[in-house]
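Chemist: For reference, the chains in residue letters:
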Amino acid sequence: DVKVTQSSRYLVKRTGEKVFLECVQDMDHENMFWYRQDPGLGLRLIYFSYDVKMKEKGDIPEGYSVSREKKERFSLILESASTNQTSMYLCASRTPGTDGNTIYFGEGSWLTVV
Amino acid sequence: RKEVEQDPGPFNVPEGATVAFNCTYSNSASQSFFWYRQDCRKEPKLLMSVYSSGNEDGRFTAQLNRASQYISLLIRDSKLSDSATYLCVVINRSARQLTFGSGTQLTVLP
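Going down the list, the protein sequences come from chains A and B. 637 is the number of the first residue of the first sequence in the numbering used here; add one for each residue after it. 4 is the number of the first residue of the second sequence in the numbering used here; add one for each residue after it.
By construction, these hints were calculated from the structure, which means they are not laboratory data. One should not assume that every hint holds.
[Stated by the list, open to error] Taking beta-carbon pairs under 8 angstroms as the criterion, some of the chain B residues facing chain A (in silico):
1) Leu-49
2) Phe-103
3) Pro-113
[To be verified] Using 27 angstroms as the maximum straight-line C-alpha spacing, the simulated BS3-like pairs for lysine-lysine come out as follows:
4) Lys-5/B - Lys-48/B
5) Lys-45/B - Lys-639/A
6) Lys-689/A - Lys-639/A
7) Lys-5/B - Lys-691/A
8) Lys-82/B - Lys-48/B
9) Lys-654/A - Lys-707/A
10) Lys-707/A - Lys-691/A
11) Lys-48/B - Lys-707/A
12) Lys-82/B - Lys-654/A
13) Lys-706/A - Lys-5/B
14) Lys-691/A - Lys-649/A
15) Lys-48/B - Lys-706/A
16) Lys-707/A - Lys-45/B
17) Lys-82/B - Lys-649/A
18) Lys-5/B - Lys-639/A
19) Lys-82/B - Lys-707/A
20) Lys-82/B - Lys-693/A
21) Lys-82/B - Lys-691/A
22) Lys-5/B - Lys-45/B
23) Lys-693/A - Lys-639/A
24) Lys-689/A - Lys-654/A
25) Lys-649/A - Lys-693/A
The C-beta atom is built at its ideal place from N, Cα and C for all residues, glycine as well.
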């Protein structure tokens, strides 16, 4: 089974702190994604990476950065956390053209910024 | 106009009812389509892919209408356990960008 693991499930951080959210997948997927999900707004793409060291901005990249140094790991970084970044963050991965283009999600990271 | 739009819901239906959701997409280059199910405070999980000819999986039927640019999900004989949010996902021809609908909430009532 494909496994997408988000190591931090529940975090509480203070405004201005630097926050790292880690995501690891074990299926050698090429593409990895970071979304945030808020009530009434659905899933919004923050950044995605289509290969190692490659990244592209999604719809809401402001206030975030990412790192993909290894194929299996995609990190989301909040340089200076703000209260409006309180949300549920979802990591996802896939390889286009394989497995029916299925996207696999991690279990989510619930971040509260106080 | 949003690239992918879903029925806003919520849908509250009695057990045993048949319920249908639609999802419209604006990019005619869209290539792959999926329905995902998301339970409260959980991650989305694949329910079914949507094929051009339509496909069925037990009580669930998915349809694609390319001419009108929408996909649909039909649930027959609703169960309490079907209560969840249903998300449609559209992938464009470049196969890099995934676009999610905002989700339709379904509650099946006893």
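Chemist: State for each hint whether it applies.
Modeler: Results for each hint:
| no. | hint | result |
| --- | --- | --- |
| 1 | Leu-49 | 6 angstroms, holds |
| 2 | Phe-103 | 4 angstroms, holds |
| 3 | Pro-113 | 25 angstroms, violated |
| 4 | Lys-5/B - Lys-48/B | 23 angstroms, holds |
| 5 | Lys-45/B - Lys-639/A | 15 angstroms, holds |
| 6 | Lys-689/A - Lys-639/A | 21 angstroms, holds |
| 7 | Lys-5/B - Lys-691/A | 24 angstroms, holds |
| 8 | Lys-82/B - Lys-48/B | 18 angstroms, holds |
| 9 | Lys-654/A - Lys-707/A | 23 angstroms, holds |
| 10 | Lys-707/A - Lys-691/A | 12 angstroms, holds |
| 11 | Lys-48/B - Lys-707/A | 23 angstroms, holds |
| 12 | Lys-82/B - Lys-654/A | 44 angstroms, violated |
| 13 | Lys-706/A - Lys-5/B | 34 angstroms, violated |
| 14 | Lys-691/A - Lys-649/A | 26 angstroms, holds |
| 15 | Lys-48/B - Lys-706/A | 25 angstroms, holds |
| 16 | Lys-707/A - Lys-45/B | 25 angstroms, holds |
| 17 | Lys-82/B - Lys-649/A | 40 angstroms, violated |
| 18 | Lys-5/B - Lys-639/A | 31 angstroms, violated |
| 19 | Lys-82/B - Lys-707/A | 40 angstroms, violated |
| 20 | Lys-82/B - Lys-693/A | 40 angstroms, violated |
| 21 | Lys-82/B - Lys-691/A | 42 angstroms, violated |
| 22 | Lys-5/B - Lys-45/B | 25 angstroms, holds |
| 23 | Lys-693/A - Lys-639/A | 24 angstroms, holds |
| 24 | Lys-689/A - Lys-654/A | 21 angstroms, holds |
| 25 | Lys-649/A - Lys-693/A | 24 angstroms, holds |
Checked against the numbered hints above, the structure violates hints 3, 12, 13, 17, 18, 19, 20, 21; every other hint is satisfied.
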